[in-house]
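Student: Given the coordinates of chain A, assemble chain B onto it according to the supplied hints.
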Amino acid sequence: SQTIHQWPATLVQPVGSPLSLECTVEGTSNPNLYWYRQAAGRGLQLLFYSVGIGQISSEVPQNLSASRPQDRQFILSSKKLLLSDSGFYLCAWSAIIAKNIQYFGAGTRLSVL
Amino acid sequence: GIQVEQSPPDLILQEGANSTLRCNFSDSVNNLQWFHQNPWGQLINLFYIPSGTKQNGRLSATTVATERYSLLYISSSQTTDSGVYFCAVGRSWDTNAGKSTFGDGTTLTVKP
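Protein sequences appear in the order of chains A and B. Position 50, counted from 1, in the first sequence is what this note's numbering calls 50; the numbers after and before it change by one each time, with no gaps. For this note's numbering, add 113 to where a residue sits in the second sequence, where the first one is 1.
Okay, chain A solo, but in the shape it has when bound (with noise of 0.2 Å):
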């Protein structure tokens, strides 16, 4: 069976300083991958998606980056980050085949101070 891993699960980081979130897939193949960010109380965001080794579509401007180096890892980077980053990160797959079906890993709770 598919599953999804995402750490760290919380991390607190100062303002200016660089930020790696890493999300990988087991159990499945060229899987689409998502990340999302959730702000207090709201819906989730969608950030980034792709559909295969590098290739990374932007959805929103922002301070962040991804990338995605193999078939089954996704990245979410910074190089400076700032308050305005602090949120719940949470990554997301979907199969070829059944594009529209989205599993969410654990998230990531990110505190900028």
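Calculated from the structure, these hints are not laboratory results. Every residue gets a Cβ at the ideal spot worked out from N, C-alpha and C, and that includes glycine. Treat each hint with caution, since some may be false.
Facing chain A, according to a computed beta carbon distance under 7 Å, are these residues of chain B, among others [stated by the list, open to error]:
no., residue
1, Gln155
2, Phe199
3, Ala210
4, Gly211
5, Phe215
6, Gly216
7, Gly218
Listed next, the in silico SDA-like pairs over lysine to any residue satisfying Cα-Cα at most 20 Å (straight line) [claimed, not checked]:
no., chain 1, residue 1, chain 2, residue 2
8, B, Lys224, B, Pro121
9, B, Lys224, B, Arg171
10, A, Lys99, B, Ile157
11, A, Lys99, B, Ile115
Tutor: This is chain B only, laid out in the frame that chain A set:
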């Protein structure tokens, strides 16, 4: 982009009560999912239901795509049903990715 509106924003029930959560969306979609976010933040898939009706135990969902709404029914609610329920919709006819727009959710509290 598509607008998604969920109602009510908050709902408090006694254990055993039934409830109906609503999701309205502003444009035609071919992708609709209902999720339950537990207190630890994990999003749990409930239904993939771009149209029609589905049931899974005490939960059922109906989507009337032509009228642009979906309903989630919870019967005989339990305290473990507490959390936030999200509706997510998308239009993916012209893309390989199943991009979704989320509503702001309904926060359900079930009291013992």
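Student: All the hints need checking, so say for each whether the structure fits it.
Tutor: Status of each hint after checking the structure:
no.	hint	in the structure
1	Gln155	holds, 5 Å
2	Phe199	holds, 6 Å
3	Ala210	holds, 5 Å
4	Gly211	holds, 4 Å
5	Phe215	holds, 3 Å
6	Gly216	holds, 5 Å
7	Gly218	holds, 6 Å
8	B:Lys224 to B:Pro121	holds, 17 Å
9	B:Lys224 to B:Arg171	holds, 17 Å
10	A:Lys99 to B:Ile157	holds, 17 Å
11	A:Lys99 to B:Ile115	holds, 18 Å
The structure agrees with every numbered hint stated previously.
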